[in-house]
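Here the protein sequences come in this chain order: A and B.
When you line the first sequence up against our numbering, it's residues 218 to 724, in that order.
When you line the second sequence up against our numbering, it's residues 12 to 439, in that order.
Mixed in with the good hints there might be a few duds.
[What the hints assert, rightly or not] The list that follows gives simulated cross-link-like pairs (lysine-lysine, BS3-like), each with its CA atoms no further than 30 angstroms apart: (1) Lys685/A / Lys719/A; (2) Lys225/A / Lys133/B; (3) Lys719/A / Lys703/A; (4) Lys119/B / Lys52/B; (5) Lys399/A / Lys519/A; (6) Lys52/B / Lys577/A; (7) Lys225/A / Lys275/A; (8) Lys577/A / Lys133/B; (9) Lys133/B / Lys119/B; (10) Lys519/A / Lys539/A; (11) Lys577/A / Lys329/A; (12) Lys338/B / Lys252/A; (13) Lys404/B / Lys252/A; (14) Lys133/B / Lys275/A; (15) Lys685/A / Lys703/A; (16) Lys388/A / Lys252/A; (17) Lys329/A / Lys275/A; (18) Lys539/A / Lys275/A; (19) Lys338/B / Lys329/A; (20) Lys52/B / Lys338/B; (21) Lys577/A / Lys388/A.
[Unchecked claim] Here are some, though not all, of the chain B residues that point toward chain A, as calculated from beta-carbon distances under 8 angstroms: (22) Gln36; (23) Arg64; (24) Val131; (25) Val200; (26) Glu202; (27) Leu379; (28) Ala381; (29) Leu392; (30) Asn394.
Treat the hints as calculated values from the structure; they're not laboratory data.
The C-beta atom is built at its ideal place from N, Cα and C for all residues, glycine as well.
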Amino acid sequence: MRIATAMKGLHYVLHAPQGDTYADLLFTMIERNDKRPPVTYTTFQARDLGGDTAELFKNAVRNAYERFQPDAMIVGASCTAELIQDDPGGLARALNLPIPVVALELPAYQRKENWGASETFYQLVRALAGARTPPVGFERHACQPTQRPSCNLLGPTALGFRHRDDVQEIKNLLDRLGVQVKVIAPLGASPSDLARLGEADFNVVLYPEIAMQAARWLERTFKQPFVTTVPIGVGATTDFISEVVRVAGIETAAVASNSSRLSWYSRSVDSTYLTGKRVFVFGDATHAVAAARIAQTELGFKVVGLGTYSREFAREVREAAKLYGVEALITDDYLEVESSVAALQPELVLGTQMERHIAKRLGIPCAVISAPVHVQDFPARYSPQMGFEGANVIFDTFVHPLMMGLEEHLLGLFRDDHEFHDEAAPSHLSATGAAKQVSVPESSQPPMIVLPSSLAAWEAEAERELSKIPFFVRGKARRNTERFAKERGLATITIETLYDAKAHFSR
Amino acid sequence: MNGVPTACAASAADVERVVLRERGQREVFCGLTGIVWLHRKIQDAFFLVVGSRTCAHLIQSAAGVMIFAEPRFATAIIDERDLAGLADANAELDRVVHELLQRRPDIKLLFLVGSCPSEVIKLDLARAAARLSMRLSPRVRVLSYSGSGIETTFTQGEDACLAALVPELPQEGPNSERSLIIVGSLADVVEDQLQRMLRSLGIHPVRYLPPRRAGDLPPVGPRALFLLAQPFLAETARALEERGATRLAAPFPLGVEGTTAWLRAAAAAFGVDAARFEAVTAPARERARKALVPYRNELHGRGIFFFPDSQLEVPLARFVSSELGMKLVEVGTPYLHRAHLAEEMALLPREVLISEGQDVERQIDRCLAASPDLVVCGLGLANPLEAQGFTTKWSIELIFTPIQGYEQAADLAELFARPLLRRTLLVA
Chain A
218 MRIATAMKGL HYVLHAPQGD TYADLLFTMI ERNDKRPPVT YTTFQARDLG
268 GDTAELFKNA VRNAYERFQP DAMIVGASCT AELIQDDPGG LARALNLPIP
318 VVALELPAYQ RKENWGASET FYQLVRALAG ARTPPVGFER HACQPTQRPS
368 CNLLGPTALG FRHRDDVQEI KNLLDRLGVQ VKVIAPLGAS PSDLARLGEA
418 DFNVVLYPEI AMQAARWLER TFKQPFVTTV PIGVGATTDF ISEVVRVAGI
468 ETAAVASNSS RLSWYSRSVD STYLTGKRVF VFGDATHAVA AARIAQTELG
518 FKVVGLGTYS REFAREVREA AKLYGVEALI TDDYLEVESS VAALQPELVL
568 GTQMERHIAK RLGIPCAVIS APVHVQDFPA RYSPQMGFEG ANVIFDTFVH
618 PLMMGLEEHL LGLFRDDHEF HDEAAPSHLS ATGAAKQVSV PESSQPPMIV
668 LPSSLAAWEA EAERELSKIP FFVRGKARRN TERFAKERGL ATITIETLYD
718 AKAHFSR
Chain B
12 MNGVPTACAA SAADVERVVL RERGQREVFC GLTGIVWLHR KIQDAFFLVV
62 GSRTCAHLIQ SAAGVMIFAE PRFATAIIDE RDLAGLADAN AELDRVVHEL
112 LQRRPDIKLL FLVGSCPSEV IKLDLARAAA RLSMRLSPRV RVLSYSGSGI
162 ETTFTQGEDA CLAALVPELP QEGPNSERSL IIVGSLADVV EDQLQRMLRS
212 LGIHPVRYLP PRRAGDLPPV GPRALFLLAQ PFLAETARAL EERGATRLAA
262 PFPLGVEGTT AWLRAAAAAF GVDAARFEAV TAPARERARK ALVPYRNELH
312 GRGIFFFPDS QLEVPLARFV SSELGMKLVE VGTPYLHRAH LAEEMALLPR
362 EVLISEGQDV ERQIDRCLAA SPDLVVCGLG LANPLEAQGF TTKWSIELIF
412 TPIQGYEQAA DLAELFARPL LRRTLLVA
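With the sequences and hints as input, model every part of the structure.
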C-alpha cells in the first residue's frame, strides 16, 4: 500500500475482510494525505464466505477499473484473504483489462511490511520497465563527458520517515554535482515513469529496504550500476558524493563540499558534554546503521546498543555493530528491546515510535530516527535526514532531548535545589515534560528489571548516598554497584561498597 | 460490490420509511477496535487477540500510540507454523497465556479475542477458553468472543464481548428484589451522574454491564430489568433476555430529550410517580437546555451527513435534528437494529434518507452531490473530504468522549459545532 499510495495513476485492489480498511487512515491521518489511498477493498464478511468471494473480487476489480481509470493495477490478498485462496491474480487476468495488471504474492504469515513494499516495487518495476528490456548482450555506453549524466532515485514511499524531504535534498545535491534526476520512484511516479526507468545512466538506492531488489534487477536487465551509500550524516554524505562521482564519471572539480553545520557544532566547546554519552540505537537497518555512525563518529557519543527489526538486513546491522563492539539486537519483539534498554541504561535512545514509548516509560531521553512513524514524524517544516541539511536536522534531533552541558553540572552540584532536582526535566524543555511522564500509570507494571533475590541488600545509608548521584546516571551506578557486590559475594552494600564499585568501574 | 439499493419498511409502525441498503466496500473498523475502550473500562481484564500481524498493527496503531501505560491487550500472532496444524496453535496459545498471566498477576478476566484469520482457519477459541478456564480457575476466568471484521463492525466488538459475559452473570436469588442493569460501556463520570439521578428517583439496586471490576458482575434473572445505554448491543440484549431479564424500550440517553425519555422508561418500570420524576429531572433538564442554546443558534438549519461508523448514528441524528435544528441529509449506519431503534426512528423526520451498510464510493458521490455543511465520518475519509472543502467531524470522537446524559448534552453539541467554528477562525 505504501507503494501504491506513493504513486500516481496506479490502483490497488485488495481482497480483504471488513476492517482492513483501517489502513487508509494511516495515510490520511498520520501523513495527512489529502486524498484517499488508491485502494479498493473487497471487505468480505462471514456471509460472503459461503458464497462466491471470487465473484466479489472480480466485481471489485471491474468497478475499480471503471471508476478510477488507472494506467495500471495491482491486485493482492490480505492475510485473511490469503487463507481463502481465491487467486486474485488469476481472477484479474480473466477480466482481460486493457492495462497492465500486476498480481502480488505477499505471504503475510511469513514476511513483513518492508519485505512486502520491496516485493511490490520490484514486481511493478519488472512488469512495467520489463517491456522495454534491451536485447541480450546489450552494453551500456559510458557517460560522455559532454553529456549530463542521469540517474533515478529509488525507494521513497508513502508513510516513509522523512522521504518527502530526503528526495528534495538529494535531488538538489545531485543537481549541484551536475547529475540529472530522471525518475523518482515510487514516490510521485506514474506507471509510465516506471516504464522508462531503463533510460537513466545509473540508479541511486536511497532506501535499500524498499529498492535494493528492484535496483539489482535493473542492473541485470539494463546494465545500470547503482549507488548504495545512504547519505545520512556528514561522513555518509561525503561518501555518497564520492560514489556518485565515480559511477557517473564526473570531473571532481564540480564536487559539492561539506556545507553542514553539524561538524562545527560538534566541535564547538559546548558540545563537550556530548562526549561518551551512552546511546542505544534501534530502527530499520538503514536508519539504525546511519544513526550509530553519526552518534559515534560525528557527535562523540558511545554506541552501547544497536539493533533492527529488519531481519532481511540483519547482516549489515551485525557488521555495523562490530564497529562499536556491541552485539546487534535483531528482533521485532518490543519487549525484548525494552528489556535490553532497561539493562543497558543508556543516556539517550534513538529509535522508532515504539522505542519512544519504551524510553518514556524508563525515563530516558529519546529521539525518533526511523519508521514506524507517527503524525509528529511529518513536520510542517523542511526536515530531511539525508544530505548536509539532513545532518543539521539530525544534530538538533539528537542533541535537543539531552540535558545541556552546564545544567548537567549544576544538577550534580546542588542536588537539593528545589528547581534542580531529580524530577526536574531539562529546563529548555517544557515544565510538564519528560520527567513528569516518568510516573508509572496505574495499570502499568514497574519497569521490568527483575532483580534476582541473590542480589546484595542496600544499607539505608548507602541508598541515601546513591540518591545523591544525578538521576540520569543513578541507574548505571546502582547496576554497577550491585554487580560489583555480587561478584564479590557481598551480602550488603555499604557506602564503602558504592565507592569501591565506582573506583572499580571508572578504571 | 453489488451495491443494490432496495427499499424496505423500517418497522411495522413506520411503514413508509425508505432505507437504502448498500453492500459494497465498507470503510469501517472491525470489532477488535472495541478493545481500546473495553480494556480501560474493565480494569482487571486483559484482551488477547489471536490474529495476524495486521491485527496486531491495527491494535497498535489504533491504541498503542494513544496509551502510554503497558496496555492490557496484546496479540498472539498466528504464523505459518500455526497454519500447518491446529494442535500446535493450541499449545502455542496455552504457552502465551501462561507467560502473560505470570507477568500480569493482577489480571482476573482474560478474553481470547477471535480475528478474521482465526475464524477462517476455524480455531476454536471457545473450547480453548474453556480448557484454560478449567486450569486457571478460580484465579482467572477465561472467555472468548470474536472481534473479526468478517463478523463484527466496530462497536459490535463490544456487543460480542458483553454477550460473552452474560452466561457468566450470577443467577439472581429466589427472593431478590427487582433490579436494573444498565448495559453498555459508559464513561465513569457519566455512570456516576446517572447513578445519582436514578438513586434520587428511588430506583435501586442499579448495576452495570460491563462492571468496572470483573468480580462485580450483576446478577440476572426474571426480576432483572435492563436499559441499553448503547444502541449496538443486539446480541447482549438477546442473551440477557434468554436469561429472563426484560429490556425496557427507550431512546438512548443522548441529548436532553433522549436522556429524559431513557430515565422515564426506568421510572415507569419502577413505579416512580410523575411529580417525583419532574422534581428530580427538571433542574438538570433546564440546565442542559440552557447550555444547548448557543450551539443551537450556531447549528440551526445546517445540513449534516453521517457516514456509517458506530451505530450511534440514528440517536445522534435524532439529537442534532430535534434539539439543535440541524437538517439531516443522510444518516448512514453500518447496521440498523429496528427493534432497539424503534423509539429513535419514530422521532426522526419522515423524509430523512437512512442508509444501512455501505458502498463507500457511491456514498461519497452522494455526499459530494448534496454538499452538506458538516460530514460525520471516519478518519480514513476526513482529511480527503476536508481537502475538497468539506467540514468534517471524526466519528470516532463520538465514541471516545463522554456524550451521554444531561451534563454532557452541550459537550455533544460542541463536538458538532467545533469544526464549523474552526473554519470561521482560520483566515490563512
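Against the structure, the hints come out as follows:
1. With a CA separation close to 14 angstroms, the supplied pair Lys685/A and Lys719/A stays within the 30 angstroms bound.
2. This hinted pair does not check out: Lys225/A and Lys133/B have alpha carbons roughly 39 angstroms apart, beyond 30 angstroms.
3. Among the hinted pairs, Lys719/A with Lys703/A is consistent with the structure: their alpha-carbon atoms are about 15 angstroms apart, no more than 30 angstroms.
4. Between Lys119/B and Lys52/B the alpha-carbon distance is near 14 angstroms, which keeps this suggested pair within the 30 angstroms criterion.
5. Under the criterion of a C-alpha separation no larger than 30 angstroms, the hint pairing Lys399/A with Lys519/A is inconsistent with the structure, at around 40 angstroms.
6. Distance hint between Lys52/B and Lys577/A is fulfilled; the C-alpha atoms sit about 24 angstroms from each other, no more than 30 angstroms.
7. Simply put, Lys225/A and Lys275/A have alpha-carbon atoms about 23 angstroms apart, close enough for the 30 angstroms limit, and the pair holds.
8. This hinted pair does not check out: Lys577/A and Lys133/B have alpha carbons roughly 40 angstroms apart, beyond 30 angstroms.
9. At roughly 27 angstroms between alpha-carbon atoms, Lys133/B and Lys119/B fall within 30 angstroms of each other, so this suggested pair holds.
10. Note on Lys519/A and Lys539/A: the hinted pairing holds, with a Cα-Cα distance of about 13 angstroms set against a maximum of 30 angstroms.
11. Between Lys577/A and Lys329/A, the direct Cα distance comes to roughly 26 angstroms. Compliance with the 30 angstroms bound is thereby established for this hinted pair.
12. Of the supplied pair hints, the one linking Lys338/B and Lys252/A holds, its CA atoms being roughly 27 angstroms apart against a limit of 30 angstroms.
13. As the CA atoms of Lys404/B and Lys252/A are separated by approximately 17 angstroms, the hinted pair is consistent with the 30 angstroms bound.
14. A hinted pair counts as satisfied when its Cα atoms are at most 30 angstroms apart, and Lys133/B with Lys275/A qualifies at roughly 26 angstroms.
15. About 23 angstroms separates the Cα atoms of Lys685/A and Lys703/A, which keeps this hinted pair within 30 angstroms; it holds.
16. Using a Cα cut-off of 30 angstroms, the hinted pair Lys388/A and Lys252/A holds, with the two alpha carbons roughly 25 angstroms apart.
17. Distance check on the hinted pair: Lys329/A and Lys275/A sit about 27 angstroms apart at the alpha-carbon level, within 30 angstroms; holds.
18. With a CA separation close to 52 angstroms, the supplied pair Lys539/A and Lys275/A exceeds the 30 angstroms bound.
19. The hinted pair formed by Lys338/B and Lys329/A fails the criterion: a straight-line CA distance of about 47 angstroms is larger than 30 angstroms.
20. Under the criterion of a C-alpha separation no larger than 30 angstroms, the hint pairing Lys52/B with Lys338/B is inconsistent with the structure, at around 35 angstroms.
21. Proximity of Lys577/A to Lys388/A is assessed by CA-CA distance (about 36 angstroms); at most 30 angstroms being required, the pair is judged violated.
22. Below 8 angstroms, beta-carbon pairs count as interface contacts, and Gln36/B has one with chain A at about 5 angstroms; its hint therefore holds.
23. Nearest Cβ of chain A to the Cβ of Arg64/B: about 7 angstroms, under the 8 angstroms cut. The hint holds.
24. Checking Val131/B against chain A: minimum C-beta separation of about 5 angstroms stays under 8 angstroms; hint holds.
25. Annotation: interface hint on Val200/B violated; nearest CB of chain A at approximately 17 angstroms, more than 8 angstroms.
26. The criterion of a C-beta within 8 angstroms of any C-beta in chain A is not met by Glu202/B, whose closest approach is roughly 18 angstroms, and the hint is violated.
27. A least Cβ separation of about 13 angstroms between Leu379/B and chain A goes past the 8 angstroms threshold, and the interface hint is therefore violated.
28. Checking Ala381/B against chain A by beta carbon gives a least distance of about 19 angstroms; that is not within 8 angstroms, so the hint is violated.
29. At its closest, the beta carbon of Leu392/B sits 7 angstroms from a beta carbon of chain A; the interface hint therefore holds under the 8 angstroms criterion.
30. Checking Asn394/B against chain A: minimum C-beta separation of about 4 angstroms stays under 8 angstroms; hint holds.
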